[in-house]
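Undergrad: One-letter residues, chain by chain:
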Amino acid sequence: EPEVTQTPSHQVTQMGQEVILRCVPISNHLYFYWYRQILGQKVEFLVSFYNNEISEKSEIFDDQFSVERPDGSNFTLKIRSTKLEDSAMYFCASGTGGGEKLFFGSGTQLSVL
Amino acid sequence: ILNVEQSPQSLHVQEGDSTNFTCSFPSSNFYALHWYRWETAKSPEALFVMTLNGDEKKKGRISATLNTKEGYSYLYIKGSQPEDSATYLCAFRPGYQKVTFGTGTKLQVIP
Numbered sequence: 055e056p057e058v059t060q061t062p063s064h065q066v067t068q069m070g071q072e073v074i075l076r077c078v079p080i081s082n083h084l085y086f087y088w089y090r091q092i093l094g095q096k097v098e099f100l101v102s103f104y105n106n107e108i109s110e111k112s113e114i115f116d117d118q119f120s121v122e123r124p125d126g127s128n129f130t131l132k133i134r135s136t137k138l139e140d141s142a143m144y145f146c147a148s149g150t151g152g153g154e155k156l157f158f159g160s161g162t163q164l165s166v167l
Numbered sequence: 018i019l020n021v022e023q024s025p026q027s028l029h030v031q032e033g034d035s036t037n038f039t040c041s042f043p044s045s046n047f048y049a050l051h052w053y054r055w056e057t058a059k060s061p062e063a064l065f066v067m068t069l070n071g072d073e074k075k076k077g078r079i080s081a082t083l084n085t086k087e088g089y090s091y092l093y094i095k096g097s098q099p100e101d102s103a104t105y106l107c108a109f110r111p112g113y114q115k116v117t118f119g120t121g122t123k124l125q126v127i128p
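Residue numbers (my numbering), protein chains in the order written: chain D, 55 to 167; chain P, 18 to 128.
Same shape as in the complex, but just chain P:
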């Protein structure tokens, strides 16, 4: 059973604050790491797919980094907005097919 952990489990921040959370995964047999945003009553939507150690991806105010040697990825949100409120899932891909999801970080941005 692959252990993909995310921390913290939940987070409340004020609008305008920057925040970050962590995904840790096995450092062996790495193929890809995905980040998804999952808003209530919607389906998970991909933010980033990261494949190389040292990868940094950015989409607007959201960015992510990847360290495959030590088995972690950080997701950063700069200047959080209420619309950023969602559960953020990371997903570890050790091979071509199977994708194992982390426990998720539930973010609430308070206006």
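With the rest of the complex left out, here is chain D:
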């Protein structure tokens, strides 16, 4: 079965550094998402992306965050200047749209020191 892949599985960075989290969604999917879960808290929506632009974003997704689909297959989340509170598991998801289910990657555990 097709799957969403995410790299790296773990990322450790120093506060203030830039990180790029990478995702390869399922090839015929049109809608892409980033979610995160801080340890012990609920899964939080960050951003949705469709037709090469952000379609919706949460309050968490401030100017420090950006997303890109640079080459038609990868979908990246960039955090420009990481903060301690950005430490979380980041999940990429993709879907065909409508009410259909999302397919999730296995996540990137980001640790900001």
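It cannot be assumed that every hint is accurate.
Pairwise CB distance ranges, derived in the manner of DEER restraints [stated by the list, open to error]:
1) Gly151/D to Lys59/P: 38 to 46 Å
2) Ile92/D to Thr39/P: 17 to 25 Å
3) Leu93/D to Ser24/P: 17 to 25 Å
Just so you know, these hints were derived from the structure itself, not from any lab.
The beta carbon of each residue, even a glycine, is placed where N, CA and C say it ideally should be.
Chain D is already provided as a structure; the job is to place chain P on it using the hints.
TA: Frame of chain D; chain P shown alone:
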């Protein structure tokens, strides 16, 4: 901010017991309700997508019901097995794109 709540937060049951948990969501602007199972060290996996009031879905020993007018969905597990141990997430979809997740119910099935 959409309020999607799940209860209980966590649950311990004995193997063979049946169990159920609840997802509540805003009753206006309903588009779809998803249930996902999230096992430790894996990614969330979709169980059900429910779109119509009164929908009932079943997959093996797991089933779900939906009431969009009052804003709740129940997930039932019949004869729980240790492999059912996971966090169960519901996700509310008010429109075509955004999906808002509930707080999750962590189920532990004790052999």
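Undergrad: Hint by hint, note whether the structure agrees.
TA: Hints versus structure:
Judged by the Cβ atoms, the range 38 to 46 Å given for Gly151/D and Lys59/P is violated: they are separated by roughly 24 Å. Distance hint for Ile92/D and Thr39/P: a CB-CB separation of about 24 Å, consistent with the stated range 17 to 25 Å. Evaluation of the 17 to 25 Å hint for Leu93/D and Ser24/P yields a pass: the beta carbon distance comes to about 21 Å.
When each numbered hint is compared with the structure, a violation occurs for hint 1 only.
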